[in-house]
Each structure stands twice: as structure tokens, then as C-alpha cells.
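> If you're matching them up, the sequences are chains P and S in order.
Residues in the first sequence are numbered consecutively from 13, following the working numbering.
Residues in the second sequence are numbered consecutively from 104, following the working numbering.
No lab work stands behind these hints: they were computed from the structure.
Glycine included, C-beta positions come from ideal geometry on N, C-alpha and C.
Hints are not guaranteed to be accurate.
Derived PhoX-like pairs (lysine-lysine); straight-line CA-CA distance at most 20 Å [unchecked claim]:
1. 205/S / 116/P
2. 560/P / 116/P
3. 558/P / 115/S
4. 65/P / 205/S
5. 500/P / 422/P
6. 205/S / 559/P
7. 115/S / 105/S
8. 560/P / 115/S
9. 72/P / 205/S
10. 117/P / 205/S
11. 116/P / 72/P
12. 72/P / 559/P
13. 205/S / 77/P
Computed spacing ranges between beta-carbons, pair by pair [what the hints assert, rightly or not]:
14. 241/P / 140/S: 23 to 31 Å
15. 140/S / 358/P: 37 to 45 Å
16. 143/S / 430/P: 21 to 29 Å
17. 157/S / 238/P: 34 to 42 Å
18. 191/S / 423/P: 56 to 64 Å
19. 84/P / 179/S: 17 to 25 Å
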Amino acid sequence: MREEVYRRKRSRIGPKHFLLGMIMASLPAAAQQGTLTACSNPYPRTAPYVLQKKAEQYAKKVVGKDGKSDPTEIRGGPTGDLVFWAIADAVAPDQVKRASERFKKIDLLLLQTQTEAETKSTDKQTGAGAKAQGSTSAVEKPDFPKLLSLAIENGTIQQESNGSTLTLSSSPYAFVAARQGDTAEVYRDNHDLTNIGASATFNITNADVPLANATRRQLAEWSVKYRFFDRSSRSQEFQNKWNQTVLPILVKAAQSSADQLAILNDIHTGKGLAAAYDGLFGYVRDYLGIHQGTSADLLVAGLKEEILCRLGADIHDATEVVEAALSPGDVASPGNSGALKVTLDKNTRQKIQMSIVTSLDLDTQVEQAHSAAEDILKAMQQKPLLTFVYTNVRGTTTPSYSVTKFLLEKNTSANRKLVFNAGASFYGNPDRTKNEQTVRDYAAALSWEAQLGRSPLVLNDVDQGQVTLSFAGRYQRLLENRHQAGKKADLAVVQVKFEIPVFSGVSFPISVSYATASELLKEDHVHANFGFSFDTDKLYQLLAFKKKQDALQ
Amino acid sequence: MKQLGRSLYHVKVGETVTVTIVAFGIGNTAVFAVSPGRANQVSDHPRLYQFDVSVEPGQAHFGVVKCDFASDTAPDAHFQVLVSGLDDGENQVTFQGPHISKEDPAEAPISFQNPLAGGL
């Protein structure tokens, strides 16, 4: 099962996909991966984590995501990287062990932080706007965070469904990026377009094939949004701050890594310098030739073992430190079998030891700088967000009309936020016989949302899915209802909404509203909406975390 | 310059190598460094670096592209490295180098080898 399945966002994720995902997550890593090793001598003792990690990463690169394996992915830099660490493990095992422990710690921390952040998020407006049927929201949230990337990934249009309505979304930028590439430069040059989003909501009558509902007859509303501020890490504001915070230390760390690999220029193999060693390419190419038709997961697991095994036999076991100082012109003789004999002098060994200590220190500093940049990003995302929305509502029993609205979101603390909507709507062709005029209504809404803490129903420790409670009020002055028997011009609604994640990626929202009247009825009434909401972003993050956690332990 | 793999190039002494890091779905949050020697950054948008080949035959310049992915970056965000130099006819050539996504290692090493006569 390829991971792409889980990357489809809130669209057409049926029960089969969901169950299969849960089953895959519960299988032990070994059962999912298996082994197919061709090399007969395993790496001496357990290979250090740093080597295991790199071997797996390069095996994944070789196998690829599109089913087209490419052994040249292991040539050059990746080979140098693996050879360096195999030699280092032979001549400086203590430093390599410490480096491995540190790398493992950083990897687990990063993975956990990322998963917790994704599962904690409640920022996305899922489903239709506040007024569409089946919606559990009284106010609309102003952000459309992942719209751009999703639209591009899914062919410029993103779809999501909440059971009773289907919403298709896109952005003009998605079309520009689809043609020119979604690069940092295209994003910067078309920044205004990145702030525009468009969507259309359709009433669902055929739940089995949601897209079949995307017809003009079932169009409930379409809208265009303009976001006034970009609070993402792609904004110029974040780029400037990243340049100050992370760039200098990242440059130092990259230089340190390059200097570390350049030590291979001082290490002899009997057939030239270690800098030119290309043996892994041949092994990997042969391995792929023998195992054609093998599944990607099995290939990655098998290739990882093959790479480690060959590194053990060719490099680690063949490495020795010689007393005499070596120079680039010296050529050590190959062993009797023609195998490599990796030789380095004491000075080079010391350089290896020093380089590991230095790179560990710099990696720690990079991690600290990354955390500082993340704090900056969080602070940016706490700032008010203002969006202007134009919506064209195509009523089935009433004439079509346009709604203009400003949406403002302000975080009042880390777990609390206010959302304010204000706007007016207009008829294009008011029917005077029905007391309609150009201005249809004025409306304002205010909501307060709080995250109450992690859901007790979610069993996965890393899933930070939050129980949320919100109170919302909405006032509308509907001008055509003035002086009409059986109707009220002033309509007020108060709503309480509670949402609790029940499984990973699945939550249960329920809302209860009290209205003084509706657009058609004078009597006050109570109204309830509930349902299930699926978020495959969260599900994908948790599945990826489980898989990587298994690999790390 | 001759490409033997996305991360392996044969180069000649005196040749100027250009490395461009194009960011897709993410800001310009990746850098390049090389050793022996140092790379000069000649552009910010996109990040573009140059260095001159100076190593003896049998040795290599080792380049490293190091990336930083912010937490709000989309899963499909990636960096595409482009490597340019001169071919045998002294014409400028550009090759697609490593492709680095969020789930890949945060650093991608690239070798620029000055081959021994007759190849390695």
C-alpha cells in the first residue's frame, strides 16, 4: 500500500480506505517490510543508528515513489556519506555511538512535535459556510490554510464533502503555479493571487458519487475570498526572519558536513582514494536486477540490509589506521582477494573524530534555530487575520443574491480565539412585489472558540486532537420582512457547538441553535445539527508517525 | 562536466560549477556548501552558488545541500537542485541534481569528482 493513499485530503475517503489504514498502522514494522538480503555477511554487530537511518533513506531514494527504481541515486554524495560513517564507526565508534543517540533523539522529537501540532490544529473551515444546509458552523473562519498546495496537488481543484454538501475549492494562484511551477519565486511574484480563494458548494443528492452533484442545478452557492495577510512560512515576513535566525547556522552546518565528507580525499582504498569509491552502485544495481517485481516496501527493507552488509564487508571490516602519515600520492596495496583495504593515518582519524563532534554541536544549534523560527511562525499565526468574502447564493425557493462579508479572526490566547463576521447582501433583480429591494440584509456574527484539551476518546498518545467548545451569536436585519405579516425583519441566532475527536482523524461535531425567527417563519425555534467530520491530514500524520516510530525503536 | 547520477558529477580543474536550489511549495530555506574550497552565493532568489574546481585527479569536491522545512509546509513541498558546468565541447550544460522532500534526509550530499586519467 503506497502512502499516497493517505495523502488524499478529506475527499472520497471511504470506509475501506480508513479501515485499511488502521490495519496497516497496527501491523509490526517487520511484517510490513520483510527482508530480502543478498549479501551474506551482516554488518558487524548492530549497525549504528546513523548508518541504519542513512541506508534506509538512500534505499527509499533508489526505490523511488513512482515504481521506477534508479540505482544511480546511490552514486556520489550518498555513497560518500555512507562510506564516511562506516569508516568512522570502525575508527571512532564512541563518537559515532554518541552521534547516533543524538540523531535518534532529534528525529523522535521532531516527529512527535510535528504530529502533535497537526492533530491539535482546529483552524480549518471544513465543509460549507455558515448558512449552507448541513453546516454546523454559525460563523465562517477566515483562513484557507492548505488550499493552495492541495489544489495544485489534486489538479488545481480541491473537493471536500460533509455529507449533505460538496464544496469544490481552488485559487487563481493554483493555475499559475500549475503552469509555471509552485516555486518560491512564482509565489513571491504572484503574491496577490496567493491570497485569493474561490469555492462552489453543491447540495448532495447522490452521496455515492459526490462529484456527480457538481451541476449547475445543484449549485447552492459560490464564493471568492481575499485574504489580507499571509501568515504562512512562505510569506516574505517569515523568509526575512528565517534569514536572520536560521540561515547563518544552517550555512555553517552545511559547511561542516561538506568538510566532513572531504576527509574521504585523505583515505586510501588500494584502488584509489575513498572519495572515488563507487562500489555500492554496482551492488544496488545488481540487487534491483535480481529482485524485479518485488514490492516497494520489501525492496527498501532489502536494499537497506544489502547496503549495510556491503558497507560492513567492503569498508568497515577493511579499515585500518596506519602509523605512517599518508599523502594523496600514496597507494595502499589491495588485499589478496582484490578486496578494498581502507587505510588512513592517525591524523585523519583525529579529523574524523573532531568532525563528528563539530557536526553534532552544529546540528544541535540548527535544531535550536529551527525551534526559534517555529516560535516566530507561531507568533505570526497569532496575529489577526482579515478576509473579504463575496458569495453568490443561488436559492431554490428565493431569488439569487450576493453577500459581501468581512471575516476577522483574532487569537486571544494560545487556546482561545474570536471570530467576527460582518456584511451585507444584495439582490441583483429585486422583486418589488415581494417587498424586495436592492439591499437584502445586514448581518454580523461573533464567535468565541476554546480548545478544552485533548480528547479522552482518542487512544493514540501522540494524537493531540482537541475537544472544542464554541459559542456564537448572529444578528441579521432582513429588510424585505419589514411590515410583512407573519415575518420578522430582525433575526437573531445563538449557537453552542461542541466537537470531540472520537478516533484519530474523525471527530463528532454537534451544534444546538436557538433562533428568534427565520427568514420565512416568525416563530422562534431550536435547531440541532450533528455528524462526523473526517480529516485525512491528521490520519496521515499519525500513520506516518507510527511507521517511523516503529523504525526508530 | 558529466553527470553519472543525480549526486555524482565528473568535473575538470578550473571549471566553474553552478548549483541552483529551486524551492517548490516552500520558501528559500535551503543552502549549499562545498569542500575543499568554498562556494560563493551569487543569488538569493533562487539560491545560486558557484565554485571553481581545484582538486587533483582522484579527489573530489564534496557539496552538501542542507534544508529546513517549517512545520506548516505542505507534504509535497521540495527542493530541486540544478547543477551546471561545461561539457566536453565547452558548452554550458545543466543537469537535474537531487530532489529533496520533507520526508527525505535534511541534507543531500553531492560529489564533484576530478577523475583519474582513464576514468575511475
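> All hints are to be evaluated individually against the structure, with a verdict given for each.
Results for each hint:
no., hint, result
1, 205/S / 116/P, "holds, 17 Å"
2, 560/P / 116/P, "holds, 11 Å"
3, 558/P / 115/S, "violated, 47 Å"
4, 65/P / 205/S, "holds, 15 Å"
5, 500/P / 422/P, "violated, 32 Å"
6, 205/S / 559/P, "holds, 16 Å"
7, 115/S / 105/S, "holds, 10 Å"
8, 560/P / 115/S, "violated, 42 Å"
9, 72/P / 205/S, "holds, 13 Å"
10, 117/P / 205/S, "holds, 18 Å"
11, 116/P / 72/P, "holds, 19 Å"
12, 72/P / 559/P, "holds, 14 Å"
13, 205/S / 77/P, "holds, 14 Å"
14, 241/P / 140/S: 23 to 31 Å, "violated, 43 Å"
15, 140/S / 358/P: 37 to 45 Å, "violated, 25 Å"
16, 143/S / 430/P: 21 to 29 Å, "violated, 50 Å"
17, 157/S / 238/P: 34 to 42 Å, "violated, 53 Å"
18, 191/S / 423/P: 56 to 64 Å, "holds, 60 Å"
19, 84/P / 179/S: 17 to 25 Å, "holds, 23 Å"
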